[in-house]
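Read top to bottom, the protein sequences are chains H and Z. Read in order, the letters of the first sequence correspond to residues 1 to 264 in the working numbering. Read in order, the letters of the second sequence correspond to residues 1 to 639 in the working numbering.
Be a bit skeptical, because a hint or two may be false.
One side of the interface only, derived from the structure: several residues of chain Z facing chain H at Cβ under 10 Å [stated by the list, open to error]:
no.	residue
1	Ala20
2	Ile165
3	Ser169
4	Val394
5	Arg397
6	Ser401
7	Phe404
8	Val405
9	Phe406
10	Ala408
11	Phe412
12	Ser413
13	Leu414
14	Leu415
15	Ala521
16	Ser524
So these bits of chain Z aren't anywhere near chain H, every CB distance computed over 12 Å [claimed, not checked]:
no.	residue
17	Thr172
18	Ala257
19	Ala428
The hints are simulated quantities; they were obtained by calculation from the structure and are not laboratory data. Keep in mind that this is a model prediction, so the values were computed, not measured. Virtual Cβ for every residue (Gly too), placed ideally from N, Cα, C.
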Amino acid sequence: MQAWIEFGQGPLFRFAFVLMALGLARIFVLTLVNVAEAYRRNPDKIINYREVFNKTVAWFIPAGRLWRKRPVYSLVSFLFHAGLILVPLFLAAHVSLWRQSTGFGWFSLPQGLADALTLIALAGALILFLMRAFYAPARALSRRQDYAWPLLLAVPFLTGYLMVNVSVSASGYQWMMLLHLYSAALIMILIPFTKIAHCILAPLSQVVTAVSWKFPAGAGDRVLETLGLEDRPTWVDKPRLGIEREMTRELPEVKPAEKEAKAS
Amino acid sequence: MNRVRNFKLFLWALLGLGAAVGTARFMFGLGATTNLSDAVPWGLWIGFDVMSGVALAAGGFVLTATVYIFRLERFHGIVRAAVLTAFLGYVAVAVGLLFDLGLPWNIWHMIIFWNPHSPLFEVGWCVMLYLTVLLLEFFPVPAESFSGLAKVRNFLVKLRLPLVIAGISLSTLHQSSLGSLFLIMPYHVHPLWYSPILPVIFFLSAIALGLMMVTFEGLISSYLYRRAPETDILAKLGAAARWVLLLYLGVRFTDLAARGQLGHLADGGWQVTLFWMEIALSAAIPAALLFIPRVRHSLAGLWIVAPMAVTGIVFNRINVGGLVHQQRGETLYLPAWTEIAISAAVVAAAALAFLYFVEKFHVWERRPQDPEAAPAALPRFDVASFASLGSPLVRSRTLYSLAFVFAAAFGFSLLSGEALSSRGVDPAPVEEARGGDTLWIDGNLDGFGTAFAHRRHVERLGGDSTSCALCHHLNVPRDRQSGCYSCHRDMYSVSDAFGHDRHASPAGAALGCFDCHAPDAVKSAQSAKECADCHKDLIPAGAVIEVEDYQAAGYTEAMHQVCLGCHQQQAEAVEKPDLPRCGTCHREHKLLVDDPLLAQRYQRLESRGVIVPEVLEEHFQGIRLAALPQEPVTQIDEP
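Only chain Z is shown next, with the shape it has when bound in the complex (with noise of 0.2 Å):
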């Protein structure tokens, strides 16, 4: 039996990698743990954990069609291994998905916000409704266990047909429109892949997958088990799937030909190198060597030709999901070794909960006899230390959970501190603001800024000295009113304003450790010395905005810290209520984007959608961004 313990040792070994990865994920984000991007938002997850899951599961419906509604009762006997997979599968389909949603909490929206318009909305609801249509299938397969249960049982096992064809109608209706939803994709997905009937394509490549699937798991099944397979019963599966293949081989190039995509089959490049490893490896070789007699009744024909059909449609799947979306430029898209090892691990999850079933319940017509419960068994000594090594539950107990563990640690091990920290933000260095009396604030220079009225500011504010360390709540050491982009120095992200390391190298202040630190004491930040204890007038008098941590915030995050707090306390004090609104100091882009000079650049940045929601345009004709410093706009604060 050391076949399935191994086996087994080698998916908890799957699952404990998966789970250290998948606290990362759920703790740092999707930035942090996949290669994902805002140009490719959908990766592996999609395409293999949703698209390939559900279409691996769809042994499910074929079956139960072939035995309760066709009554081609020679079947039967895999049917309830089938209805399982299906399950299983399923429910790995929605446990993928909670990895790949960004906000997986809200995943029950669908149920209450409907958007019927939707293909993914019919997807989520027919999934769902399907999974509670195969656990109702599947439930009197285990509870012929419990006599408590067998009312239940009796119930849904009257209840069966019904099931069944609510099953295989759910199965047709989401295993399409999986295909639908990227038919708003005309231009994205690669003309080889693209059709206007995708979905057809999904549905048939999606039943053969599911007859192939339940041969590949009856292979292994009784490898693992060393039972003998179920061979003629295979054969069958493979007399029907070489016509389903055969099938959809013809749709496809029937589709490509109606379409006149023929031609770029001869285009050359990766794209078409990738169709003919999918069709030679999902459907050309596995269909020719079905309609082989020999191939077909010979277990290692079917080992071929199983194995190689669900890669390849598994392939078209992971094709049609992310791969061969055109790329507009950015890099390739290849899946980290995260999201590698959250899919293995969720099909990792998927077999160990299968071999349970079928160790603890009747899924089959013969129970294989369950590895672990052998209580006749003589113990075993280890024949170096004389050690027992158990029963055999508690040895193989200690040793799945010994797995897991190290895989964990070990998962944990490579996810270096890097990789921790999301890539998320690129760095976006800020520009001071230029002008005299009226500034124009645009920290990353593309257009979308404010000008500010500095002068008007200072006027209502006091104009003395005093008004200055309203805003300017911290100076660069021997400067006055220092510029906020001196500190703030990242558009989005938190900078450092201290700057140790310029303090401690000898380019720089050339301090020791010791000039700031306590000598007995950890090195940190709050055992050093105080700024002011060095830099006296750091802080101008009469600040208001204190400094903690020298930490400054991001400049867009500062900008409108300083301005909406204080426009907020103004908007009640002066009775103006618009005050605090966006409009009130971002009134101009559309201006300035219309400007000629900068229009091309604007183009690539029209996709940032800023709403503008008054654009006072008669205060700002004329106003160009080289005019900017010339001119001040007096008339800013005026309603």
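This is chain H alone, in the form it adopts within the complex (with noise of 0.2 Å):
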């Protein structure tokens, strides 16, 4: 058992790390880049940047769009994030285990704030699960992951909570040790690979939204015809190709006195 705790807290926490975040820094180059490929294959190359910023932005700020529309699930997932990347990040015990092994620590939620947001996460995690079971639109919408991801998060925040604040058994403290370890090494080799990788990839949503509407080029208004929405407004700027530009340009009408004068 101990062997096997060790293991989950020497190599394979290394390995699911260091998979996670180079993992993460490649899904995001290679999105940059592959926007990049798209766009430079493209005619029609106006896109408007403001916008895509104004856009990525907006959706950055909770009491947006999806506040108005769904308050309820709008606030609970954003409970339920905060929940999920503040602790693991600034939760004491895991910024001394830091320090103890790189050297490096940093800033640590008070361990009564770490308690409450590692609540409102399982609560969160939770809730959404079971929206997403009860409610129709959203169950018509789901794969199979989208439900297990909510229950394989709330894992490790579950026996985290329990080790800190239920005094077990030294057999029930080992055995939810190990199943916090692995199941957070399981999540962090996920990551990259699955849907949760918007982590890093949500500041580029917008651009790639803007870029692949019109690659090729005309896509996106075609699927809005097969969806009979063509009236529907949409923030990406209409196709002006440059050919159509050069086409539809009006010609300097020559007049006919100047024209005989060209040919004397």
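Hints are included, so try docking the two chains, each in its own frame, into the full complex.
Here you go:
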């Protein structure tokens, strides 16, 4: 048992963490490179970068469009994310482990706040799972992994909370530690290869949309046509191809008098 | 085109592994990532990356000489590939060297600080200049693709002959002087390898290796890209190589005979086995096979001979570079897996660069079909999920980066915690200082200590109990004026003055976790009780040295801090500028080392090179270790 725990703390953790870090960097760079290539191959170069930037920022603010449409979901999701991000990064125990092993440490949350955030994240995971399972439109859009993710993410939080706050037998503690380490490692390994990669891809979401809407040229408009939504306004600029502009530009009229003058 | 893709996938994985190990090497140093030691400071990285790297790149100067000087135009088809190999080989040498240098950021020093007596100085300069020459020689090839560079290209093409001549001269110089490096070690390198004509031997084998490497590389690339190999050209290279190999073999054995070392061949032992293996692989079997025309002209024959000769001569460089150095009772050096990973990664990077240039530019007469640039290819779909696998370019990009990332993560998982903390310093437990009024302070009992006039210092500092606390800044519980050794327990490493396990163990204080740690907080030093909460008299009144975290510095460091801190202040206060100098305290080594009883032990310590600036012998006539405690040396503080 102890050997398995040490494996989880040592090689497995290093593998999972490095894979997560490099994997996320990789997918970020690949996305950028592929977007750049799509842009390069597309004759329609008009991208409204100001709008792309505004949209990107807007999606990071929880009180945005989603807040007006689905306030409960938006709030739960925001709190869930807060707990999910803050606790693993700033839990005092984690920070002191980093300090011990690398010599670098950083600001850490007070234990009470960390406990509260953990409970919020756990509740958030449960609510999000239930909403997905019982809200028909969400259910229609969900794949199997979408149900699994909130549950998997809850495991390290639950075991971590129990280890800190509930006194259990020594073997029970070891089992929980084992579960904590291995579920966290599994999550870290999966992050760069699943939808959780949105943790680093989120800033690119709008620029990807803006470029792929026009790649191949006119693709987005054809999608709208197919869906019967031609009238729906989109924030992406209409294609103004260089060629089209060239063809539609009015040629300066040559007056007959000048023509004659030239001819003579 | 799967061959190229799989090969590149493998190379990218090697690169990922190397990236992980390389990070560890630059973060934690050579001691943590290699099996090198003071006894074996040169290992695989010098033997393979540098010595073999330079030799493997010899094809460049051999073929440019053949084509541009001797005008053998039939070899023209492979000269560009040979120059590219040489260029990348030298870049790999430079990169590999950075891993091996203890202070890689000082690599430019040889440009400014000249040491013309050193063969390494010559090697460094030649390699640097030859790298420049190779860059200029190869630059016209990629420049063909950019019309803006036409003028530069034309200029360089005109400059080709001088460049080629410079390249040949520089190669001759440093290929041989890599052998000269070992001339300084006549008793260190095994006599079967050591020779005063090592430079000649190195130069000859480099020519042979260059020819064989060009052959090998032609075979590999024709396999990868499924192109017809230039068998007739390769056969001619082999025909030339057999004479060089034969000459090399002759020189090796004539040299052994002339030096009268042939007798060693009957010695037995692993070195002799190694010697025969090396000779067989590098020269004897390849030369014999190359004399058979059928072997020379057949693909299979070349596939056997070229890799064998390349392996053999690389083997020779590794042997001379470190493997057959006399080990003087130390354990045999074998490279750590981390060293192999770095070497492999450097080679992989060079190979990837080679494939890049070959695919993108006109290195060969007929450019291979670029597996990644197939704009007309139909998209491929995964059979199971019908997901598009993307264009070939996107697919390979995805796959290569995935291989890199997985290999890097795997590499990091293999670098265990123990490997990351340098094995650097051996534990050196500290012994108590002996004596009474004069203390003999010599923590590791190696004789290089100091006679400390304890009584004299007490008197100087006031003579009452407060003067004790100026140095004795922390007591062991239920003790007064505890000796330095009781906390500073190792000569060089930090030791734990607190002793967590002793507090927790039933055999010690038998405390529970929550006797010290707050129950609702993370168990750390910060959240635990202060020591002074239980041990009321731990820190004596008047102590000026503050205890911060109960991590006791190494004995040497602690002694120097406590003594020198005061001496530096006093030097100004009493106007004795010599007070903080080494010789003020360390002045009696020599006499003690002269003690016949200890002489034997100090012989092995001679090399430590302790420098005693001013030995005031008149004060210490007749003092011996045994006599120290009885004889207080009261004049110590007098000028």
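Comparing the hints with the structure gives:
no., hint, verdict
1, Ala20, "holds, 7 Å"
2, Ile165, "violated, 44 Å"
3, Ser169, "violated, 44 Å"
4, Val394, "holds, 6 Å"
5, Arg397, "holds, 7 Å"
6, Ser401, "holds, 5 Å"
7, Phe404, "holds, 8 Å"
8, Val405, "holds, 4 Å"
9, Phe406, "holds, 7 Å"
10, Ala408, "holds, 6 Å"
11, Phe412, "holds, 4 Å"
12, Ser413, "holds, 4 Å"
13, Leu414, "holds, 7 Å"
14, Leu415, "holds, 7 Å"
15, Ala521, "holds, 6 Å"
16, Ser524, "holds, 5 Å"
17, Thr172, "holds, 44 Å"
18, Ala257, "holds, 54 Å"
19, Ala428, "holds, 24 Å"
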